[in-house]
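One line per chain: the protein sequences are A and B, in this order. Quick note: the first sequence uses the numbering used here, first residue 1, plus one each step. Quick note: the second sequence uses the numbering used here, first residue 274, plus one each step.
Please note that the accuracy of each hint is not assured.
[Stated by the list, open to error] A few chain B residues facing chain A, derived, Cβ under 8 Å: (1) PRO283; (2) VAL525; (3) GLY579; (4) TYR580; (5) ASP581.
Simulated from the structure, these hints should not be mistaken for laboratory data. No residue lacks a Cβ here, since even glycine has one placed at the ideal position from N, Cα and C.
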Amino acid sequence: MIVLPPRLRVRYTRVGRVRFISQRDTARIFERAMRRLHAPVKYSEGFSPHPILSFSAALPTGGASEAEYLDVRFDAAEVTDERFEVGESSDDSLRAFGQALTEVLPVGMVVTGAVELDGSELSLQEAVACMRWEVDVRASEPPAIDVRIANLMAAAEVVVERQRKGRPVVDNIRENIAVMESDATPEGARITVDLLTHPRGVRLSELLTALGSDIELLRATRTHQWIDQHGERHEPVAVGTFAVVTPPALSETDSALTRSSSREREQHEQRTD
Amino acid sequence: MTSLWNDIEPILWRVDKPARYIGGEVGSLEPERHEGDINWLVAYPDTYEIGLPNTGLTILYEILNDRDDATCERTYAPWVDMEKEMRTAGIPLFSVDSFRPANSFDIVAFNLAAELTYTNVLNMIDLAGIPLYAADRRGDDTFVFIGGHCTYNPEPMATFVDAAVLGDGEEVVGEITEVMAQWRAEGVTDRHEMWCRLAQIPGVYVPGLYRPTFDGERQTGIEILDPRAPAVVEKRTVYDLGQWPYPRRGLVPLTDVVHDRLNVEVFRGCTRGCRFCQAGMITRPVRERPRHQVVDMVRAGMERTGYDEVALTSLSTADYSGIEELVTEIMDPAAGCGRVNVSLPSLRVDAFTVGTAAAIQQGRKSGLTFAPEGGTWRMRRVINKLISEDDLYAATDAAFAQGWQRVKLYFLIGLPTETDEDVLGIVDLGRKVVEVGRKYRRSITVTVSVGGFVPKPQTPFQWFGQDSPEELQRKITLLREASRDVKGLSVRWHDPSASAAEGVSSRGDRRMGAVLERVWRDGGTFQEWGEMFRLDRWERALEAEGFSLASVSERDRSRDEYLPWTHLSAGLHDDFLWGEWESALAEAGTEDCRWTPCYDCGACTTLGLEHHVASPTAPAGGSQGTGQGLDLRTPVSLGVKPVSA
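With these hints in hand, go ahead and build the complete structure from the sequences.
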């Protein structure tokens with residue numbers, strides 16, 4: 001028996017050949033995986049109900065990731081399989097659910113963690129403030145990649161051209177680049193870059209174009225996404241963490257306080273993992 | 274041979290929709306090869322998203338992989354950008370299962386479902402590094418097979434293929450595997466010997482053992498080059514679908530494809546007898562899947578795939594005996610099929626069918642499609658699509674009443690004996706259907722979709738010369754002008770020049786192979802895709818080979834002309850086809866023989882079979898039921914129905 005909480009945040013990977021699917025494909029695969037599992041996912045209301053799944057910022061087609069996130073809601077009214085129940089969950093139930101979900105996902109998509117949400121959290125799209133990419137590239141012309149990175153980081157402005165509402169606009173993305181470094185590899189270089197997502201995110205392709213039109217992208221992996229909390233960054237779910245929200249131990253009037261403290265405790269546990 | 278994945282991976286960043294090339298679907302396999310296995314590569318000569326849902330290939334993939342002596346993998350036509358990257362990097366055509374090169378397989382088997390994909394077959398053979406002409410292949414070279422509906426005239430493809438398989442593939446693929454395994458065990462490498470052994474398998478046509486003779490634009494006969502080749506090759510027919518509950522492990526793609534849902538085939542064959550319809554002629558008799566098996570396949574399929582929709586597929590699903598009971602059973606929670614939407618991809622034109630569709634359509638009711646095919650009752654008698662106007666109005670009335678707001682009507686133009694009055698009848702019907710809809714809502718729309726008729730082999734219209742692209746264009750212009758002032762009615766049409774090229778491959782003889790090769794070498798791949806198609810390529814290629822559209826697709830054949838597919842049989846008597854042609858000219862209908870006495874088309878008697886139906890009850894409803902309403906003779910005016918202001 002797996003007892004699922006009403007709200008769950010799932011961390012998963014998308015590595016190997018499955019990384020060539022699109023974000024839309026990813027969403028559809030989760031919908032079908034949940035149905036194959038008979039997971040009691042809550043459906044939206046309205047004319048054509050669909051399962052309520054919300055994802056973190058879209059992963060570009062071809063990009064791998066060690067740190068993708070998905071929020072899912074469960075509903076006791078949707079239980080059709082006696083293996084599942086919706087209610088007071090446990091760490092073991094979440095771990096079992098993670099394993100069961102991995103079994104119905106394509107090779108390369110693995111659930112690596114899951115934590116219960118209490119409903120007060122920001123959505124993933126709002127909450128994720130920063131992400132790290134590791135990008136293998138090759139440049140066909142000089143200067144070397146590390147020189148280009150130094151120049152870019154020293155610049156006051158890094159402008160990219162974009163389309164917004166059908167019109168061309170020019171944006172400065174320098175403020176989005178928190179850290180960017182590179183190491184030489186036999187093929188060229190591996191760039192590690194931390195990109196800030198607010199107020200407007202940066203596409204990997206835009207960043208590479210800013211480094212030069214001769215840059216060839218070989219591989220890219222999103223290794224982290226972080227939530228900003230009290231000036232510190234935390235992973236929404238750390239690898240290997242399967243944790244429920246600890247029920248309030250104090251009186252009801254203190255429940256808000258308790259919830260936030262239990263969240264902090266949970267995050268502390270993630271950090272020490 | 275090992276996987277090419279490490280070479281393929283780096284180029285996938287640079288191509289559109291890379292998920293087309295990665296396999297990994299639910300239900301897919303990476304078969305291990307064992308000594309002595311016959312390794313098949315099944316191929317669809319169009320993009321992944323068109324080819325993946327193909328039920329025929331999915332069934333063969335499964336049947337072959339279930340055998341101890343065979344493996345089977347899949348491939349699809351790489352899109353233009355991918356082909357360019359592959360040729361630059363020296364990557365050959367590969368399987369999407371284990372990424373092995375195509376020429377490491379014993380057999381590449383193409384499904385030919387549309388004539389305009391033929392040039393893609395040539396391109397894929399070339400991309401595989403397999404010699405283009407069957408005659409140039411040696412003992413160990415990969416064999417190229419074709420199957421599917423187009424193989425009832427494989428002559429335009431004859432020089433490129435080792436063998437064509439006619440009819441259902443379930444049984445014959447096993448026989449081919451065993452024959453090949455046997456000669457491999459004996460160490461046979463003589464290609465001619467291999468061909469002769471293949472030719473003795475019923476349903477297998479080996480074009481290299483036959484030489485057609487010609488006189489000018491006509492074929493005059495066919496010479497058999499080895500006594501082991503049969504004089505006539507008969508199609509294969511799987512009689513009891515109940516014994517073939519496939520696919521059991523249908524593929525669920527990781528990315529967008531057409532018909533992305535569970536597809537369960539409820540029957541094969543159709544005896545409505547529409548005279549233009551090749552599928553309805555070559556797949557006789559009707560063979561229905563037992564109802565309990567359909568329900569089992571839906572239940573197991575939904576469970577395994579995670580789909581939320583099932584399509585019950587066939588040539589005319591509403592004709593399945595007991596369709597209402599079947600659908601009711603699937604929708605019943607007790608059946609255990611879960612939260613499922615059922616769709617009937619081919620609707621019959623009657624209110625009963627629409628009622629069934631409404632009962633099963635949950636949520637959005639966007640559009641409903643009907644296919645009257647002919648614009649006047651006269652035209653519909655010629656083609657034996659005996660839908661009365663009354664039925665059409667009742668069906669569309671039911672559709673609008675049930676809340677559908679868009680109705681689409683399919684028609685053919687360029688049919689035999691067609692007059693401008695018949696063409697304009699299309700707009701007339703469309704306008705009246707708009708009026709029917711406006712009783713319910715002002716905002717309803719009716720779309721009339723018009724295709725140019727291409728006569729197909731093994732049909733009563735196989736002798737008929739098709740309209741030139743100019744004539745089709747003139748008729749389209751007539752339709753556009755007549756419909757201009759009709760609010761709520763829009764007319765769409767299929768490119769008439771594509772119909773012309775389709776006709777070249779449809780009824781052409783073996784000499785069309787050289788034309789196809791020229792079109793391909795000129796860059797003419799993906800000819801089903803409007804942005805890739807240009808008629809001038811075809812006209813130049815025809816001219817270079819001494820032909821023209823006039824001499825190939827637009828030419829009427831006489832009854833005594835030797836047709837290029839005369840030695841290939843779908844079981845139909847020549848007398849039956851010619852009789853139907855004469856009935857067409859006489860505007861006389863022919864009944865559906867499922868529930869009326871046999872008129873001996875040949876399919877059952879030649880094959881020693883009869884129709885295999887799941888229920889003895891004929892379908893209900895109007896002229897589309899038993900007997901097809903042949904007593905109807907006069908068009909029914911709209912006046913009988915009240916039209917509110």
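Evaluation of the provided hints:
1. Hint status for B:PRO283 relative to chain A: holds, with the closest Cβ pair at about 7 Å, below 8 Å.
2. Hint status for B:VAL525 relative to chain A: holds, with the closest Cβ pair at about 7 Å, below 8 Å.
3. Satisfaction of the interface hint for B:GLY579 is found here, the shortest Cβ-Cβ separation to chain A being roughly 3 Å, below the 8 Å cut-off.
4. A cut of 8 Å between beta carbons decides the hint on B:TYR580: the least distance to chain A is about 7 Å, and the hint holds.
5. Look at B:ASP581: its Cβ gets to within about 7 Å of chain A, closer than 8 Å, so that hint holds up.
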